[in-house]
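S.K.: Go ahead and model the full structure; you've got the sequences and the hints to work with.
For the sequence shown, our numbering gives the first residue as 2, with consecutive numbering after it.
All the given hints hold, so there is nothing to weed out.
Listed below are the simulated DSS-like cross-link pairs for lysine-lysine, each with C-alpha atoms no more than 27 Å apart in a straight line:
id	residue 1	residue 2
1	88	166
2	10	48
3	10	32
4	116	48
5	10	124
6	88	32
7	48	124
8	88	158
9	48	32
10	166	32
11	10	116
12	124	158
Derived by calculation from the structure, the hints in this document are not laboratory data.
All figures in this text were calculated on a predicted structure; none of them were measured in a lab.
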Amino acid sequence: MASSTQQTKQPIDVVALFPQVADIQDEALRKAVVVVWQELWEMSAWKRLEEVPTSPEIPYPTLPHNQCVLDMAMSVADLFERHHGLKVNRDYLIAAAVLQDASKVVEMEPGAEGKVAATALSKHYPHAFWAAHLALRHGVPDEVVHVLLTHSPQSPKFPSTIEGKILYYVDQIDVIGIFKDRWRKDLYITK
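M.R.: As structure tokens, this is what we get:
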């Protein structure tokens, strides 16, 4: 089997990977989501999307993680609307869920001996910054970019919108399913 560096880069079909993209009603947003993913993929050193891990610490592929986060986010939106009458902007939620970890393809690269290495970009910018940067460049609304930049626990800000809060929590819940419980509860005994 050829190594990743000897293979031709596989093209990606964003709508095939994330069918909910076709459900985005705003045509400009739908097109921008696809273009941002494609630009990030072209910039990346990876040859196959299936090789990109969730993180250097979590070798599980990022693609099924991203797909599960999208599915969970849409399920939560359905439940919130049905049970609480809460209106969720589905265009924004789909766009944010699809783009939330797209930067990983340029934040990591194949390293020596099958390891994963951090890229120079990831050493200079926080997670999701580059996808957010490209999203802004392609006219993605600030509300979606806010979700991208606040979806991670490493972000200095917590999401302020319902779409951001849904994405933040389902992303963390999926990490439990693929790796381990990221949360812990500290017990304090006080007098």
